[in-house]
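Trainee: Sequence:
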Amino acid sequence: MNLEVRTVEVMIHLYCRAHHGAAGDLCSDCAGLLDYAKERIAKCPFGEEKPVCNLCKVHCYKPQSRDQIKVVMRYAGPRMLYRYPILAIRHLIRSKHV
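In numbering that gives the first Met the number 0, the protein residues as written are 0 to 97.
Keep in mind that the hints are not guaranteed to be accurate.
What the hints assert, rightly or not - Below, computed lysine to aspartate or glutamate pairings styled on EDC-like, alpha-carbon distance capped at 20 Å:
1. LYS37 x GLU8
2. LYS49 x ASP28
3. LYS49 x GLU8
4. LYS37 x GLU47
5. LYS56 x GLU3
6. LYS61 x GLU38
7. LYS56 x ASP28
8. LYS37 x ASP24
9. LYS42 x GLU8
10. LYS69 x ASP34
11. LYS95 x GLU48
12. LYS61 x ASP24
13. LYS42 x ASP24
14. LYS37 x GLU3
15. LYS61 x GLU3
16. LYS95 x ASP34
17. LYS95 x GLU47
18. LYS37 x ASP66
19. LYS56 x ASP66
20. LYS42 x GLU3
21. LYS95 x GLU3
22. LYS49 x GLU3
23. LYS56 x GLU38
24. LYS69 x ASP28
Rather than coming from a laboratory, the hints here were simulated on the basis of the structure.
Full structure from sequences and hints, please.
Mentor: Right under this line is the structure:
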């Protein structure tokens with residue numbers, strides 16, 4: 000599985016569990032956001048060389064979805080260090096490269 004997809008998936012699961020009480024499966028809103036994020040990552044013009052979203056020059060999310068994913072990432076990003084440290088560190092390293 001693509002590292003970018005895995006990172007977004009983990010972040011959305013952390014957020015949904017904390018805010019919507021989803022123990023296993025995602026709520027319908029978060030599942031829709033994850034499907035949308037996977038679709039956008041798959042269609043990224045940069046392919047495997049894709050930068051992290053906040054460093055990307057092409058913002059491919061719709062404004063509403065972009066606002067949703069920002070909220071998710073702000074919540075889940077710091078918490079990933081405790082639950083998924085390797086994935087979080089890889090994401091941090093990628094976010095520091097320009």
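Trainee: Run every hint past the structure and note whether it holds.
Mentor: Hints, verified against the model:
no.	hint	result
1	LYS37 x GLU8	holds, 9 Å
2	LYS49 x ASP28	violated, 26 Å
3	LYS49 x GLU8	holds, 17 Å
4	LYS37 x GLU47	holds, 14 Å
5	LYS56 x GLU3	holds, 17 Å
6	LYS61 x GLU38	holds, 12 Å
7	LYS56 x ASP28	violated, 27 Å
8	LYS37 x ASP24	holds, 17 Å
9	LYS42 x GLU8	holds, 17 Å
10	LYS69 x ASP34	holds, 16 Å
11	LYS95 x GLU48	holds, 14 Å
12	LYS61 x ASP24	violated, 24 Å
13	LYS42 x ASP24	violated, 25 Å
14	LYS37 x GLU3	holds, 9 Å
15	LYS61 x GLU3	holds, 18 Å
16	LYS95 x ASP34	violated, 26 Å
17	LYS95 x GLU47	holds, 17 Å
18	LYS37 x ASP66	holds, 16 Å
19	LYS56 x ASP66	holds, 17 Å
20	LYS42 x GLU3	holds, 13 Å
21	LYS95 x GLU3	holds, 15 Å
22	LYS49 x GLU3	holds, 9 Å
23	LYS56 x GLU38	holds, 18 Å
24	LYS69 x ASP28	holds, 15 Å
Checked against the numbered hints given earlier, the structure breaks hints 2, 7, 12, 13, 16 and satisfies all the rest.
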